[in-house]
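Working from the sequences, and respecting the hints, build out all of it.
Taken in order, these protein sequences are the chains called X and B.
So the first sequence is numbered by numbering that gives the first Met the number 0: it starts at 0 and just counts up by one.
So the second sequence is numbered by numbering that gives the first Met the number 0: it starts at 0 and just counts up by one.
Watch out, some of these pointers could steer you wrong.
What the hints assert, rightly or not - Partial list, derived from the structure: chain B residues whose beta carbon lies under 7 Å from chain X: (1) 149; (2) 153; (3) 156; (4) 157; (5) 202; (6) 209; (7) 210; (8) 211; (9) 217; (10) 219; (11) 220; (12) 222.
Stated by the list, open to error - Straight-line distance between alpha carbons at most 35 Å, and here's what the computed DSBU-like set of lysine-lysine pairs gives: (13) B:38 x B:64; (14) B:213 x B:38; (15) X:213 x B:64; (16) B:38 x B:212; (17) X:38 x X:212; (18) X:64 x X:38; (19) X:38 x X:213; (20) B:64 x B:213; (21) X:213 x X:64; (22) X:212 x B:64; (23) B:213 x X:212; (24) X:213 x B:212.
For the record, the hints were derived by calculation from the structure and aren't laboratory data.
Quick reminder that beta carbons are idealized off the backbone N, C-alpha and C, glycines included.
2 protein chains.
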Amino acid sequence: MRLALVGGTGDQGFGLALRFAAAGHEVVIGSREEERALKAAERAVEILSEHGYEDATVEGRENEKAVSDADVVLLTVPFFAVIETVRGLRDALPDDAIIVDVTVPLETAIGGRPTRTITPWEGSAAETVQSLVEQPVVSAFENVSAELLRDLDREVECDVVVCSDDEDAKRTVMELAEDIPGVRAIDGGPLANARIVESITALLIGLNQRYGKKGIGIRFTGIE
Amino acid sequence: MRLALVGGTGDQGFGLALRFAAAGHEVVIGSREEERALKAAERAVEILSEHGYEDATVEGRENEKAVSDADVVLLTVPFFAVIETVRGLRDALPDDAIIVDVTVPLETAIGGRPTRTITPWEGSAAETVQSLVEQPVVSAFENVSAELLRDLDREVECDVVVCSDDEDAKRTVMELAEDIPGVRAIDGGPLANARIVESITALLIGLNQRYGKKGIGIRFTGIE
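Rendered as structure tokens:
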């Protein structure tokens with residue numbers, strides 16, 4: 000699949016870009032500045048080839064061009080930038096693209112702490128995005144540690160909760176998530192549940208701080 | 000320790016009563032009606048003795064008497080009843096008791112769905128309780144399946160996130176949680192984080208529905 004990572008030069012987006020490229024997807028890293036996107040793509044190709052993924056494909060483009068021919072567009076910008084970013088990209092988004100919202104409304108968006116969230120009007124970042132686009136929005140990857148994503152030597156030992164009101168889009172993203180070694184995709188139900196999943200990110204950040212770790216994640220027991 | 004389970008005739012409270020009695024604590028099941036409390040205690044003793052815990056101590060009392068000499072008071076009533084219950088028990092609570100809030104503000108409290116929460120004024124059920132009492136409130140046990148708690152043949156394979164603004168009370172409840180076989184206690188930080196933990200319960204109820212299970216729980220990875 001062709002995947003565009005809007006804001007893919009950031010920690011989370013770059014980590015996802017590496018993993019998806021390693022899994023054989025055509026990945027485009029997007030940035031507001033083409034130059035930064037190109038640099039990040041170059042670095043990604045370098046890291047991937049060091050780990051034996053010589054055929055991995057990572058391009059760098061300005062955000063608008065990055066999404067223009069994507070099957071799946073992943074939003075990995077900071078929350079404070081997400082509304083403006085989506086508004087700016089609306090015309091460029093393919094009609095049949097799936098939009099994956101990875102953003103989390105951490106209190107940092109208003110100068111606060113990363114261990115707390117703020118509540119957007121629609122209830123979650125994902126529903127905020129859905130209110131701006133016609134394409135199906137899927138919430139996913141908020142609880143995966145960027146640290147683990149970027150370390151291609153390790154499996155990403157955690158579950159990815161996937162929420163959407165569009166069942167087909169949800170299934171596609173669940174399959175995509177499981178292309179990352181160690182990840183199990185969990186059907187998180189309707190998009191409104193993203194508010195729970197997003198707040199778990201704040202909890203995980205707090206746990207990392209208290210336990211002096213960097214890659215704490217979640218697994219659900221009893222599903223097998 | 001002497002533990003009182005307010006509303007201990009319900010699924011969650013009864014399950015916790017069994018586990019704590021099996022671990023050797025003195026357990027008192029409380030109910031609004033003494034008769035129901037006595038019956039539940041009798042049943043608990045029966046189940047415990049069937050599983051080889053002949054010395055387990057479970058008493059039944061009316062709620063007010065149940066809490067009067069408790070070291071730890073666990074609130075396991077439905078959310079719609081919690082404010083009235085705590086107000087009614089305030090004078091009976093020992094000054095040095097620890098209050099453990101297990102309630103979850105599920106939408107069922109207002110006739111809605113158990114897969115959704117409502118937001119109380121203080122942000123969480125636990126903070127609502129803390130606003131009513133002087134004693135330290137600890138949030139815990141919301142994400143443990145009642146089903147698993149009641150099945151003494153099985154380990155309760157999940158983490159219990161414990162949140163409080165009182166570090167000593169938090170430590171006590173973390174130790175208490177780990178008396179349940181299979182449970183690992185996690186320091187969830189301040190009491191305000193209970194809003195996240197409580198909402199995870201709604202997510203877990205939805206997962207149980209979607210996956211046709213009864214005992215789905217959570218584990219945090221990367222803490223070891």
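Indices of hints not satisfied (ascending): 1, 2, 8, 15 and 22
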